[in-house]
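Kindly generate the complete structure, drawing on both the sequences and the hints.
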Amino acid sequence: MSQRGHRVESARPIRFGTSGWRGILGEEITFDRVRAVVAAAGERIAAARPGARVLVAHDRRFLGERLARTAARVLAGRGLRPVLARGAIPTPVLAAAVRRSRVAGGLIFTASHNPPEYQGLKLFAPSGAGWVDTEVGAVERAAARWLREGPPPEHEGHATADLVAAYLTGLLALLDRDALRKGRLHAVYDALHGAGAGILDEVLRRAGARVDVLRTGPDPSFGGDAPDPRPERLGRLRGAVRALRGRAIGLASDGDADRFAVVDAEGVCVSETDAVALLVDHLARTGRIRRGVAISYATGGLVERVARDHGLRVTVHPLGFKHLSAALLAGEADVAGEESGGFAWAPFAYDKDGILAGALVAELAAGGSVRRRLRLLQRRLGASASGRIATPVSPGVLRALERLASAPPERVGRAHVREALCCDGVRLVLDDGFVMFRASGTEPLVRVYADASDAAALERRLRAGLALLRRAARA
Numbered sequence: 000m001s002q003r004g005h006r007v008e009s010a011r012p013i014r015f016g017t018s019g020w021r022g023i024l025g026e027e028i029t030f031d032r033v034r035a036v037v038a039a040a041g042e043r044i045a046a047a048r049p050g051a052r053v054l055v056a057h058d059r060r061f062l063g064e065r066l067a068r069t070a071a072r073v074l075a076g077r078g079l080r081p082v083l084a085r086g087a088i089p090t091p092v093l094a095a096a097v098r099r100s101r102v103a104g105g106l107i108f109t110a111s112h113n114p115p116e117y118q119g120l121k122l123f124a125p126s127g128a129g130w131v132d133t134e135v136g137a138v139e140r141a142a143a144r145w146l147r148e149g150p151p152p153e154h155e156g157h158a159t160a161d162l163v164a165a166y167l168t169g170l171l172a173l174l175d176r177d178a179l180r181k182g183r184l185h186a187v188y189d190a191l192h193g194a195g196a197g198i199l200d201e202v203l204r205r206a207g208a209r210v211d212v213l214r215t216g217p218d219p220s221f222g223g224d225a226p227d228p229r230p231e232r233l234g235r236l237r238g239a240v241r242a243l244r245g246r247a248i249g250l251a252s253d254g255d256a257d258r259f260a261v262v263d264a265e266g267v268c269v270s271e272t273d274a275v276a277l278l279v280d281h282l283a284r285t286g287r288i289r290r291g292v293a294i295s296y297a298t299g300g301l302v303e304r305v306a307r308d309h310g311l312r313v314t315v316h317p318l319g320f321k322h323l324s325a326a327l328l329a330g331e332a333d334v335a336g337e338e339s340g341g342f343a344w345a346p347f348a349y350d351k352d353g354i355l356a357g358a359l360v361a362e363l364a365a366g367g368s369v370r371r372r373l374r375l376l377q378r379r380l381g382a383s384a385s386g387r388i389a390t391p392v393s394p395g396v397l398r399a400l401e402r403l404a405s406a407p408p409e410r411v412g413r414a415h416v417r418e419a420l421c422c423d424g425v426r427l428v429l430d431d432g433f434v435m436f437r438a439s440g441t442e443p444l445v446r447v448y449a450d451a452s453d454a455a456a457l458e459r460r461l462r463a464g465l466a467l468l469r470r471a472a473r474a
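One point on numbering: in numbering that gives the first Met the number 0, the residue at position 235 of the sequence shown is 234, and numbering is uninterrupted.
Worth flagging that the hints you see were computed from the coordinates, not collected in a lab. Cβ atoms here follow ideal geometry from the backbone N, Cα and C, with glycine treated the same way. A portion of the hints provided could be inaccurate.
[Stated by the list, open to error] Between beta-carbon pairs, the in silico distance windows are: (1) Gly367 - Gly234: 49 to 55 Å; (2) Glu231 - Arg469: 33 to 39 Å; (3) Glu458 - Ala164: 42 to 48 Å; (4) Gly50 - Ser405: 48 to 54 Å; (5) Ala329 - Cys422: 15 to 21 Å.
Pasting the structure below:
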């Protein structure tokens, strides 16, 4: 690269979001910028554990393998011993292997659920959880230095390893395989062309379920849409589940399989909050939760009510799964869940794991109707509905967030605002739920989250919240 081009790249700072570093490939994510970030991360690892092994992986996104090999050379240039995962793998497989193998850390090239034109990088500590903010900040500063000074040294030479087999064995050991086998469950899994293909479906087959699959082939374009298992993307899955007879469940995961989605036997999408509530109830009923549950500020109220009904402590944290991981690592909770399809159960996972979550949902579904179980919970503990929408980020919308924080409204729609909390965004506590506004840490969006008494009230509340945000942006 020319010196002039190098200065252009250096002028644009590298910033990590709530779950790694992401951006459009060829703009934010370039090979020179990747070299700088990996060199910076390698410095931190080598300072703590010189000559240590580091796992390097990639999912199915475009140029993933080339980026991973580049990263391995840069890490070797810092005196570390990179171990490259064989083939594309899900993020949870990498995270589990880091913890299990007692290596100094791991990194994986993925942009998770972002659109196909994105790439990204996630960094994992020896615990299998993501790097904390202080470490990430040091990487950002060191990466800026590498961009100014020029490309870091690279050395050839890395080992390779199969990380999938041990992950499958470990997950199967946690499942109630007798329940899955006796329940005669028929599961349909939609991988959305992501890296979960061949992993979640294989776990379910080995556990005794009958499994059909959708969109398991590799496709860097993900069929022309973001590999995000939102209801609008799951029409084929919903239709396939409705066509089945008997005990059935639909499961989906995002591009790197750290998020999950559920479709019940009637072909209806289960909300992320309801899915986490069902998992908390199931694990508590089977005696597999003892310390408590960690959730985010934007997670709907049903999860907390279910946990407290089982006598479990609940802690509430800012958005970003790294905060929930910290609660798991500190022993405050052994289950964590959030509003966007993230779920973890320690000690198997300290970061979100959509494969683990999907397998546990299948175990639950083998014992009876998911819809019936959810209705019983809502009837006993109070029905609610939660969800989110988004609007593109702009200077006006960002100013609106500041205005809402400094001068919160008295009402959202017809609901009275009882309390306004500035907690990684603005959370307006209402008589029967909440509305929360927050700039996304992974995409150029501002999200509106809400919890309400039922689906119709939720839709009205989301619309009212978005209208409130837009009015504040025009003020």
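**Message:** Need the list of violated hint numbers for this structure, in ascending order.
**Reply:** Of the numbered hints, 1, 2 do not hold.
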